[in-house]
Each structure stands twice: as structure tokens, then as C-alpha cells.
Amino acid sequence: QQQVKQSPQSLIVQKGGISIINCAYENTAFDYFPWYQQFPGKGPALLIAIRPDVSEKKEGRFTISFNKSAKQFSLHIMDSQPGDSATYFCAARPAISSGSARQLTFGSGTQLTVLP
Amino acid sequence: NAGVTQTPKFQVLKTGQSMTLQCAQDMNHNSMYWYRQDPGMGLRLIYYSASEGTTDKGEVPNGYNVSRLNKREFSLRLESAAPSQTSVYFCASSRNPGGGNTEAFFGQGTRLTVV
Numbered sequence: 001q002q003q004v005k006q007s008p009q010s011l012i013v014q015k016g017g018i019s020i021i022n023c024a025y026e027n028t029a030f031d032y033f034p035w036y037q038q039f040p041g042k043g044p045a046l047l048i049a050i051r052p053d054v055s056e057k058k059e060g061r062f063t064i065s066f067n068k069s070a071k072q073f074s075l076h077i078m079d080s081q082p083g084d085s086a087t088y089f090c091a092a093r094p095a096i097s098s099g100s101a102r103q104l105t106f107g108s109g110t111q112l113t114v115l116p
Numbered sequence: 001n002a003g004v005t006q007t008p009k010f011q012v013l014k015t016g017q018s019m020t021l022q023c024a025q026d027m028n029h030n031s032m033y034w035y036r037q038d039p040g041m042g043l044r045l046i047y048y049s050a051s052e053g054t055t056d057k058g059e060v061p062n063g064y065n066v067s068r069l070n071k072r073e074f075s076l077r078l079e080s081a082a083p084s085q086t087s088v089y090f091c092a093s094s095r096n097p098g099g100g101n102t103e104a105f106f107g108q109g110t111r112l113t114v115v
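One line per chain: the protein sequences are L and E, in this order.
According to our numbering, the first sequence holds residues 1 to 116 in order.
According to our numbering, the second sequence holds residues 1 to 115 in order.
Keep in mind that the hints were calculated from the coordinates and are not lab data.
There's no promise every hint is true.
To be verified - With beta-carbon atoms standing in for the labels, derived distance ranges:
(1) 9/L / 9/E: 37 to 47 angstroms
(2) 113/E / 68/L: 34 to 44 angstroms
(3) 65/L / 20/E: 20 to 30 angstroms
(4) 70/L / 17/E: 40 to 50 angstroms
(5) 55/L / 71/E: 36 to 46 angstroms
(6) 51/L / 53/E: 28 to 38 angstroms
(7) 115/E / 55/L: 30 to 40 angstroms
(8) 115/L / 41/E: 24 to 34 angstroms
(9) 14/E / 71/L: 41 to 51 angstroms
(10) 8/E / 111/L: 18 to 28 angstroms
(11) 51/L / 115/E: 38 to 48 angstroms
(12) 45/L / 40/E: 13 to 23 angstroms
Note that beta-carbon positions come from the ideal geometry of N, C-alpha and C, so glycine has one too.
With the sequences and hints as input, model every part of the structure.
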């Protein structure tokens, strides 16, 4: 059962453009939504994260938009650069109050290519 | 500061062979995890250890065993490798799974091929 669905699977964007990656979740007990960035041959690294008490979080060119009622969240990369080319994973984790094991569930990943 | 170190980086096994993937972290983290990464399937949790002395199954535990040797080290064992276990394996650690700082730090991965 895939609890976090991510799209698109791959994305090609011109330099300077906006990259948008979407995720949808099913478990209403999730309370922490991070995005991880992975370069080839490396392990994933935390990029930015949001909790459901806010609808948007911005760090530099990276923004998470969160829609609690729709159970969706997205990553926006403004002014995309070739150095942003990587695989991006969304993830989600249940709240303590849910009683569930508090492990991250990852989406299937999006391979972003930013053309120079 | 090395972070999370995995060994080996690459391995080729024959079907039926066994091997242990090693993982060590130097961040004094309580929790450690083993994931496998397959194309189009993201990262799937194999086993995790919320704290020293405890281990629990994740989403895809069949065919694997783990040992939390001490706070620093968490190993993953394949007793009888199968081609379906061909994957990239990542070890990760976090301060704790439920506290305020829950960032997971990943190692660089072990690329395993079973022929």
C-alpha cells in the first residue's frame, strides 16, 4: 500500500524555470512532511520540511505548499538551475498521538533535469 | 565528521550466498534504519532500530535480518541472497523518531547485485 503518491516520475525544466513536484497522502495521522534531495551516487539529504500547522514554507528558492484538506503537498523550485538536477523524494511521518510507528514513508521519487 | 558510513559500496553476490552490510554513525543518534531503493519505488524501509537494543520490521523485511550491535552500529544480513534483492541499500540514522529534531541522515549506499 503506497501511502504517499508522488508525481511526476520525471521532469525536465529549462534553466530559470519553475519546477513543481506533487505528493498526495492518505493517512490523516501524518504530521511531518519532508522533502529529500538525492544526487547520483549519494544518499538522500533533507532539503526542506513542513508541519501541517502552516500552509507554506520557503527556504531560498525552495518552497513547500501544503493543503491539509486535500491531503496534498508540493515542492516548488524557483529559478531552477542545472545544479538542482537530482532525484527528489517527498515523505511523511505519523504523529506521536497516532500510536503508529513513527517512521518516514517515502514517495516514489521524481528525477529532475534542469537544462542549461 | 563522517556522519553515516556504509561498507561495502559495491558487492556482487551469487544466488544463495550470504553477506552482511555494515553501517556506523558517529552522531550519537538513537535511531537507525535500513532502506532499499529500487527504480520507481522510492525508498522502502526494511528494518529499523528505534534505540539501542531494539529492532523492528519495516515494510519489506523478508529475506533480511538485522543486528543493532551498539549505539553506533547497525548491520543488515542477507542469509541467502536472491536476484530480487538486487538493489541499492541505504542506512540512515536520526536523533530519535519522535522528538523535535527528526532529520534522517543517510549513508552513501551499497549497490548490491545478485546474479
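Going down the list of hints, with the structure as the test:
1. 9/L / 9/E: 37 to 47 angstroms: Because 27 angstroms falls outside the window, the suggested range is violated.
2. 113/E / 68/L: 34 to 44 angstroms: Given about 42 angstroms between the Cβ atoms, the range holds.
3. 65/L / 20/E: 20 to 30 angstroms: 43 angstroms, violated
4. 70/L / 17/E: 40 to 50 angstroms: Hint holds: Cβ distance 48 angstroms, inside 40 to 50 angstroms.
5. 55/L / 71/E: 36 to 46 angstroms: 38 angstroms, holds
6. 51/L / 53/E: 28 to 38 angstroms: 30 angstroms, holds
7. 115/E / 55/L: 30 to 40 angstroms: 50 angstroms, violated
8. 115/L / 41/E: 24 to 34 angstroms: Cβ of residue 115/L to Cβ of residue 41/E: about 27 angstroms, so the range 24 to 34 angstroms holds.
9. 14/E / 71/L: 41 to 51 angstroms: 45 angstroms, holds
10. 8/E / 111/L: 18 to 28 angstroms: 26 angstroms, holds
11. 51/L / 115/E: 38 to 48 angstroms: 45 angstroms, holds
12. 45/L / 40/E: 13 to 23 angstroms: 21 angstroms, holds
Checked against the numbered hints above, the structure breaks hints 1, 3 and 7 and satisfies the rest.
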